[in-house]
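Colleague: Each chain, written out:
Number of protein chains: 2
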Amino acid sequence: MTTVSIIGSGIMATALTWPLAHNGHEIRLVGTHLDREIIDSIKSTGVHPNLDLKVPDAVTPYQLEDAPAAFEGAELVMSGVNSFGVEWAGQQLAGLLRPGQKVLAIAKGMVAADNGDLSILPDVLAAQVPEDLRNSVTWSAIAGPSIAGELAVERHTCVVFTSRTGEVLDELAATFRTPYYHIWTSTDFVGVEVCAAMKNCYALGIGFAEGVLNALGGREGRYRNYNFAAALFAQGAREMFDMMGILGGDTMTPSWLPGVGDEWVTAAGGRNVKVGGLIGEGMRFSEAKASMPGVTLEGAAAIEVIGRALSPLTDRGVIGKGQFPLLRHLYEVIGLDQPLDLPWDQFFDGVGAGLSSGFANEIRRETGD
Amino acid sequence: MTTVSIIGSGIMATALTWPLAHNGHEIRLVGTHLDREIIDSIKSTGVHPNLDLKVPDAVTPYQLEDAPAAFEGAELVMSGVNSFGVEWAGQQLAGLLRPGQKVLAIAKGMVAADNGDLSILPDVLAAQVPEDLRNSVTWSAIAGPSIAGELAVERHTCVVFTSRTGEVLDELAATFRTPYYHIWTSTDFVGVEVCAAMKNCYALGIGFAEGVLNALGGREGRYRNYNFAAALFAQGAREMFDMMGILGGDTMTPSWLPGVGDEWVTAAGGRNVKVGGLIGEGMRFSEAKASMPGVTLEGAAAIEVIGRALSPLTDRGVIGKGQFPLLRHLYEVIGLDQPLDLPWDQFFDGVGAGLSSGFANEIRRETGD
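Sequence lines, in order, name chains A and B. For the first sequence, this note's numbering assigns the number 111 to the initial residue and increments by one for each residue that follows. For the second sequence, this note's numbering assigns the number 111 to the initial residue and increments by one for each residue that follows.
Looking at chain A on its own, in the form it has when it is part of the complex (with noise of 0.2 Å):
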């Protein structure tokens, strides 16, 4: 049996104690200031709000202030928190971690420095740790896809477990596995973070294709706008492939659970899918924004990110200009609010390139093989 803390109660932090619960483990769930009715909710009646389910018996709801407690002796220390609040957990876990502690972290995004060299989040978490402490516990992170509430209901789940080792994957992925929570591990965690990032950005513009339709009128007609969102989906599973050439992931990451399987999930639905039928259906991202007052949009955060960065990293070089077309559009759409003008000429290398045997050699000579 493990003691597992996880700092953060929002629904896939929640969700993640099922499997947990299944195991055997104790769970010790802390909320963040954010938190506090939901640590409440569970407190009085065993219900997290959000989830509108009863949690597993094994878990044990913390308010923040009582997280030193719910720390002590844990082996296992996740945190819980959504891409927003991953330097604050940081700041929290500098004061709550122990040497010999294994944590795991679930936000996906990145974040970028002024000349755009791009961060992935479960190493903004560790940054804020002392190094001491930092370089005497471990650092992992879950991707892949896996809508929290599915597989709070025990929904068969596929997930990659990622760090920079394989012993402690292996490790922590026994702690999870259960018959409907099936867990591969990656030490590309460069590649596989990189992926939950991006497709974050790309759902939301696949939404795009809705809203467009709608726009056409063709909401209650018989041709949807499926070739449109097949297209968008295609070209961000392009772009996630490009970018593990730049940043150093491995090569073919994209191609299974962390890329284009999390890109599938994403874009079935939520919020930022919603969105990007607003701006589809010839609303400005300002609008959009507006008309959801108090949503968290994680896709709109990671294309404002990751899309701002692509101009100075175009400026250095380090990426081609016709690269990224569709990732830098999204940039416009949402971080410059300018209408929807999708580039599809530009997309696949521009039409008639022949991509796909220029596409490959390229591949080939970014990775050095």
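The hints are simulated quantities; they were obtained by calculation from the structure and are not laboratory data. Here the structure is a predicted model, which means the values were calculated and not measured. There may be inaccurate statements among the hints.
[Unchecked claim] Just the calculated beta-carbon pair ranges, DEER-fashion:
1) A:331 to B:178: 34 to 42 Å
2) A:427 to B:449: 32 to 40 Å
3) B:356 to A:276: 22 to 30 Å
[To be verified] A partial selection of chain A residues facing chain B, derived with a Cβ cut-off under 8 Å:
4) 194
5) 263
6) 265
7) 340
8) 343
9) 347
10) 348
[Stated by the list, open to error] Which chain B residues face chain A? A few, computed with CB under 8 Å, are given here:
11) 201
12) 256
13) 431
Built from N, CA and C at the ideal position, the CB exists for glycine as well.
Following the hints, put chain B in place on chain A, whose structure we already have.
Modeller: Leaving out everything else, chain B in the frame of chain A:
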């Protein structure tokens, strides 16, 4: 202006007359023996009954017996039949083709020899034509995500024209390209066509997810079965990548429109997804098929062909025992009428296999890089 003669007047062949008409070409649409009512309808009212749309004025309909007149002087010849009609269409073309013509095919599928060797459909089409004539024309095909009706109502559609040589592709693309029909080219004829066939298999499998959800009583519930579907989508993508190394396709062809793009659009709906849903609910394939009388199931047919080939290919050592676990199970379900029982832990090289790095190395090894 190009004179284009098309054999087969199904929805995809007919949808392609919209971009051709947009560009001012003359189109002669010849029905097969199964298409008599379609041609009668177009002759009398201009309406294609299955598309429920009036075809462009530039289209002249012909019954099959008038095919010789329809092919007189054509520069571009299209095989517009689906995968079930390819041999028949090739036999027709044997008597209709003239040296110097460009042939363009749209069927998606493969055929297998008894020893498991797989052939792409454009090669099956060409094989019906005497060698001298075969070598005096060019053979090309269209692949990528394109639902026929969406193209016909001029929704943005991104596709790939493919052939073994590039020059003819540029000419063909110029003939069809419009502001809504975006065309890329690839000389990876085998890779593109293998993806086109395989995605039909996986789309049927992705359909299981909705049926399994219904069987769980989740039809109206808040939590869907998208994690399940996304994992199947990703494993399908993985198996398309794997097949590239085996059949000689470009490593990266599955990564864009011909692979994950077409897989996405095919999984978005249609008859194959529906039959997958019935199987997911608990029916055997034989029952599901019987409940949909008169419906052609190209995905099921592709599973029977490609899935059956996996066993002799394994016996001959062409593929490994652990490869294609999803397609092998699809064959058990469709070809052998066995109940659904997904081998989750065999996916992605097996649970805990630490796929990512190993997969990339394997791909490089297979392609000799």
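Colleague: Hey, does the residue 348 of chain A contact hint survive, CB to chain B under 8 Å?
Modeller: Holds - the Cβ of residue 348 of chain A comes within 8 Å of chain B, reaching about 5 Å at its closest.
Colleague: Hint says 34 to 42 Å; check whether the CB-CB distance for residue 331 of chain A and residue 178 of chain B agrees.
Modeller: holds (39 Å)
Colleague: Closer than 8 Å between Cβ atoms is the bar; does residue 347 of chain A clear it against chain B? Give me holds or violated.
Modeller: It holds, given that the least Cβ distance between residue 347 of chain A and chain B is near 5 Å, below 8 Å.
Colleague: Using Cβ atoms only, decide whether residue 340 of chain A comes closer than 8 Å to chain B, and label the hint accordingly.
Modeller: This hint holds: residue 340 of chain A lies near chain B, its Cβ roughly 4 Å from the closest one there, short of 8 Å.
Colleague: So, residue 343 of chain A near chain B? Judge it on the closest CB pair being under 8 Å.
Modeller: Result: holds, 5 Å to nearest chain B Cβ.
Colleague: Close enough to count: is the Cβ of residue 431 of chain B nearer than 8 Å to one in chain A?
Modeller: violated (19 Å)
Colleague: Range first: 22 to 30 Å. Now tell me if the beta carbons of residue 356 of chain B and residue 276 of chain A are that far apart.
Modeller: Once the Cβ atoms are compared, 28 Å apart, the range 22 to 30 Å for residue 276 of chain A and residue 356 of chain B holds.
Colleague: Quick check on residue 194 of chain A please, does its C-beta sit within 8 Å of some C-beta on chain B?
Modeller: violated (23 Å)
Colleague: Holds or violated: the hint that residue 263 of chain A contacts chain B, with Cβ atoms closer than 8 Å.
Modeller: Result: holds, 5 Å to nearest chain B Cβ.
Colleague: Range first: 32 to 40 Å. Now tell me if the beta carbons of residue 427 of chain A and residue 449 of chain B are that far apart.
Modeller: Cβ of residue 427 of chain A to Cβ of residue 449 of chain B: about 57 Å, so the range 32 to 40 Å is violated.
Colleague: Would the hint on residue 256 of chain B stand, with a C-beta cut-off of 8 Å toward chain A?
Modeller: Holds, about 6 Å.
Colleague: With chain B as the partner, please determine if residue 265 of chain A meets the hint condition of a C-beta pair closer than 8 Å.
Modeller: Given a least distance of 6 Å, the restraint on residue 265 of chain A holds.
Violation of the numbered hints given earlier is confined to hints 2, 4, 11 and 13; the remaining hints are satisfied by the structure.
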